[in-house]
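Chain by chain, the residues:
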Amino acid sequence: MQSTGLTSGQRRVVVTGMGIVSPLGLGVERNWSRLLAGENGFGRISSFDASDLPAQVAGEVPAGPTESGGLTLSDWIPVKDQKKMDRFIHLGLVAATEAVEDSGWKPESEEDRCRTGVMIGAGIGGLQTIYEASVTVKEGRARRLSPFFIPSALINLVSGHVSIKYGFKGPNHSVVTACATGVHAIGDAARMIMLGDADVMVAGGAEAAVCPLGIAGFCSAKALSTHFNDTPEKASRPWDRDRDGFVMGEGAGIVVLEEYEHAKARGAKIYAEVIGYGMSGDAHHITAPAPGHEGAFRAMQNAVRSAGLTTADIQYVNAHGTSTMADDLELEAVERLFGDDARRLAMSSTKSATGHLLGAAGAVEAIYSILAIRDNVAPPTLNLDNPSRESVIDRVAHTAQERKIDTILSNSFGFGGTNASVILRGV
Amino acid sequence: MSEIADKVKKIVVEHLGVDESKVTPDASFIDDLGADSLDTVELVMAFEEAFSVEIPEDAAEKITTVKDAIDYIEKQKAA
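Chains A and U, in that order, are what the protein sequence lines are.
For the first sequence, my numbering begins at 2 and goes up steadily by one.
For the second sequence, my numbering begins at 988 and goes up steadily by one.
It cannot be assumed that every hint is accurate.
[What the hints assert, rightly or not] Below are the PhoX-like pairs computed for lysine-lysine, each with C-alpha atoms no more than 20 Å apart in a straight line: (1) A/Lys84 to U/Lys997; (2) A/Lys81 to U/Lys994; (3) U/Lys994 to U/Lys1009.
Hints in this document: simulated from the structure, not taken from any laboratory.
On a predicted model such as this, the values are computed, not experimentally measured, just so you know.
Throw the hints in and build the complete structure from the sequences for me.
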């Protein structure tokens, strides 16, 4: 088959830096070790009083000293600047700082700065900021609205702040595709490098929707788990027969993508190569996936084709797997695509430990998948006690598994019927 | 220093995150205290809120130093 996607270009794209802020804490290595140990980041919602809402459980980024993996904002962002940003920007900036420092990329010439861009998105953006500003207006105090209200709420302002902080003057872009944002950001940014728009792109997603509007809104859409308010650690249970909705998480995942020769020339540490990317639209319903998750099927198929691979080449899938009824549809779509190769496949949903980070999910999960390649281990699906549907695919229930993994596929699907899959391979 | 001057100083320190010793009467918000145009808009709002005064836009534009702010508010309060 002729390669039509990422591998058809001369320029290869690799990951040279990673950063995560999630309910499992700050830092890529802390996240990974906690994930492999079967820990989770859930609790009763603490940032506001959720007692009048049906869903009272979430994955919140833990506050606390930086050295123990908690978020102490003043260690990252000057106090006077914090109020100019919604929380999703805070979380994005923290993860971007880890990723950029991890990459060691510090462009010193103007030309290098102009060849370095940013592509960080969010599914929703500054929801809490918009809520608070609305209250101010409702109270008849519209003239008292902060001049920072708009730039605090705008989704592309994570990209803006990262570029200002580091002087990155290349493409400054942002993705907004609901829960597919993180994968789209990585895939689109990789293509920008492939097409020559930049040599380095800081890409990913950030989200902070654990707030009254976010929780109440997804509650109304009947999307959140409501039966595990007293046992938060059990609420996110992808593919389990007792699952009853997703658990909202917050955080950010950011990668530094770099043209391969550029990375090699400066002796950068290379984690993985972005070798495939596929997208599709359902053209079906605003929130429900298409029958058979056929849109997801085509996104994965397009990704495999763009990588010039067959499904036999992929050992691990990080599922979208949100702990909703759609889990089984994704499973069916993966089984259909992989055919006989499904028997050798491991697939897990790390949302069982982090919750659903919406626009940040795809990027956080791509990073977990890269670590699966690095360490040859598949992270577990927690709480998968009784699968609602049997499968030949090993869903890595409860405990991480050592497996030979050199190529992974990671899925993210969003409201509006948008689907994205990315394929990464060890270098 | 007057009570108004003290309060103005406190608001400037809080909003611009600068050391109190830098907030001298002649200090310019933008040139000396690191504010940008949006910071100054927010500062004026904070003054309005703290002193229960209205500062119209054309007056706000002329408030560029700590002393400008103190003088304006003292005049409003005396009126």
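Do the hints match the structure? See the list:
With a CA separation close to 17 Å, the supplied pair A/Lys84 and U/Lys997 stays within the 20 Å bound. Between A/Lys81 and U/Lys994 the alpha-carbon distance is near 18 Å, which keeps this suggested pair within the 20 Å criterion. A threshold of 20 Å between alpha carbons decides the hint, and for U/Lys994 with U/Lys1009 the separation of about 15 Å falls inside it, so the pair holds.
The structure shown violates none of the earlier numbered hints.
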